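J.: Heads up: the protein sequence lines correspond to chains A and B, in order.
With my numbering, the residue at position 103 of the first sequence is 103, and numbering never jumps.
With my numbering, the residue at position 10 of the second sequence is 10, and numbering never jumps.
Since the hints were derived computationally from the structure, they do not count as laboratory data.
Heads up, a few of these hints could be off.
[Claimed, not checked] Derived DEER-like restraints, expressed as beta-carbon distance ranges: (1) B:Asn99 to A:Pro79: 21 to 31 Å; (2) A:Gln45 to B:Pro61: 24 to 34 Å; (3) A:Ala5 to B:Pro61: 21 to 31 Å; (4) A:Gln10 to B:Arg109: 44 to 54 Å.
Since the model is a prediction, treat every value here as computed from it, not as a measurement.
Ideal placement from N, C-alpha and C gives every residue a C-beta, glycine not left out.
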Amino acid sequence: AQSVAQPEDQVNVAEGNPLTVKCTYSVSGNPYLFWYVQYPNRGLQFLLKYITGDNLVKGSYGFEAEFNKSQTSFHLKKPSALVSDSALYFCAVRDRRGSQGNLIFGKGTKLSVKP
Amino acid sequence: NAGVTQTPKFRVLKTGQSMTLLCAQDMNHEYMYWYRQDPGMGLRLIHYSVGEGTTAKGEVPDGYNVSRLKKQNFLLGLESAAPSQTSVYFCASCTGDGNTEAFFGQGTRLTVV
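Okay, chain B solo, but in the shape it has when bound (with noise of 0.2 Å):
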């Protein structure tokens, strides 16, 4: 089981380019959910699914879209990259019961110069 998958593990932007964060899971998980981590101010929830074909907004939004065409997917855009958005993003998926835990993959670390 490869559980969350997370592609790239590492990229660099030049300011103004887009790019897509692809989030795997095989787990059959209903909830999906990006954060990005950043010094001192912990996980911050971007945008988050709780089923194939809806989204939903989370604390920090804005620049960001999400889609979530498939189950198992869950894909991050960044449609004009800034450096503010220089972090590691992390995906997350859990089951549709609210107490379950998620779980986690292991990270892309983003650099916008």
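Excised from the complex, chain A in its bound form (with noise of 0.2 Å):
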């Protein structure tokens, strides 16, 4: 069965120093990874994908994830924290064999910026 694990409840960062949220996945073969993002009282918006090729991926708002394989790991990066980064981060995965179109979706992370 597909999981996806956000081991972090909460990040805290100070803005201008690097964010790293984490996500560990378990599908079996190589999956589709997903980030988004949640802001107070919306729904999620799309921030960038993993699909195939380079391990880095960039997305919207300067936001970056590396895929790694072997540690089937997708964690969000972003060189420079700002305080409107803050939000609620989700990480989803999707088998791409045959493919139900099963989405599952981690516990989320929150990510507090301060100034």
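Both chains come to you apart, so use the hints to assemble them.
T.: Right, here's the structure in full:
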């Protein structure tokens, strides 16, 4: 069965510092991987995805993520955090084999960026 | 383009009442999903559909039913609401390719008293 783990409930970062939000997954085969962001009282917004190719993918708002197949990880990163990055971040996975379309999310990580 | 629209946005139900949440998308997407979001639990998949006339169970399907009679609409029904179904419900849709991102609605906040 597919599963996604976000080991940190909350990540605290000072503005201007780099940030990392961790994600590991368990899927048979090679999955499609996604990151989403949720601002208060809003729906989820797509940030970036890994499909194939370069292990470092770049997305919206200066975010990037690194796919590591051997560690089954897809950590979200940003070189310099902004206060406006404070939000809830979700990692998601979809099995690419034949795909029943099942899209599974992690529990989310709250990112807090302080001035 | 409206994207994914959920109605209603808020609702309070009494235990035992029934209701239907409507999700409509105007992007001609094949796949549609219903999730519930609870504190500390993330998004849990209730049911999903890979095309008109098809539905499948997700992680937490009990107490819910769904229908996809038209490609653009995905309905989530609660036949007999329970307090445990108090949650924020999100609908999402995406194309039939596994590698495309999903688009989300703004959510429905449901309280069962």
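J.: Could you tell me which of the numbered hints above are not met by this structure, giving the numbers in increasing order?
T.: 4
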